Amino acid sequence: MNVTRITRTDDPLFVPFRELYLRAFPKFEQRTFEHQAKGLTADSHFLYVYQEGETFIGFVIYWSFDDYIYIEHYAISDAVRGKGYGSRLLTELVAKTEKTVILEIDPVVDEVSTKRLRFYRGLGFIENDYDHVHPPYRPEFNGHALKVLSHGRTLSPEEYQRFCQDLSHVVMVK
Numbered sequence: 001m002n003v004t005r006i007t008r009t010d011d012p013l014f015v016p017f018r019e020l021y022l023r024a025f026p027k028f029e030q031r032t033f034e035h036q037a038k039g040l041t042a043d044s045h046f047l048y049v050y051q052e053g054e055t056f057i058g059f060v061i062y063w064s065f066d067d068y069i070y071i072e073h074y075a076i077s078d079a080v081r082g083k084g085y086g087s088r089l090l091t092e093l094v095a096k097t098e099k100t101v102i103l104e105i106d107p108v109v110d111e112v113s114t115k116r117l118r119f120y121r122g123l124g125f126i127e128n129d130y131d132h133v134h135p136p137y138r139p140e141f142n143g144h145a146l147k148v149l150s151h152g153r154t155l156s157p158e159e160y161q162r163f164c165q166d167l168s169h170v171v172m173v174k
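FYI, the numbering for the sequence shown is 1 to 174, going by the UniProt record's numbering.
The reader is advised that the hints may include incorrect statements.
For lysine-lysine, the following BS3-like pairs were computed, each having C-alpha atoms within a straight-line distance of at most 25 angstroms [what the hints assert, rightly or not]: (1) K27 <-> K147; (2) K27 <-> K115; (3) K147 <-> K115; (4) K27 <-> K38; (5) K83 <-> K115; (6) K99 <-> K147; (7) K83 <-> K96.
Taking CB as the label site, the calculated pair distances span [as the list claims (entries may be wrong)]: (8) P135 <-> D43: 13 to 23 angstroms; (9) S168 <-> D129: 12 to 22 angstroms; (10) T154 <-> E52: 29 to 39 angstroms.
Derived by calculation from the structure, the hints in this document are not laboratory data.
Remember, it's a predicted structure, so these values are computed and weren't measured experimentally.
Even for Gly, the Cβ is constructed at its ideal location relative to N, Cα and C.
With the sequences and hints as input, model every part of the structure.
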């Protein structure tokens, strides 16, 4: 699998990334184009796209902090979903770092969200018991409740507070 870091919106791979991003996430969970372009300039921001030959597999966006990595967005193309790429991508990302890996998922309320939680548990992610609200991406929306998962262990209250501070003051800065 070929892995390419995207650092500019004029990169040819930004187009298939952005198309999948807009399809994979509801509008209230999407950065505007301008907000996304600004994120690309941050030292702690990483956008990687994955390809197998000419086939676009998917992407991961994460932020790297001193003690942890926060996966902000991650999606696999519908054309290759169910072929193990999602597991492989996350497993490789976790294996490449000594840091704790954190991500968020929708609250478990139906079969789809239950399946998603099962997928992440199978990769070693654990639910954290914090009432978590992700700040809004766009001014027309409110923050939204999400479940915080971390790989291998739960977050201490201090680690969770640090994550919330970084989320509000670094990740979501417009």
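Margin query: Could you work out which of the previously given hints the structure breaks and list their numbers from low to high?
Written below: Structure breaks no hint.
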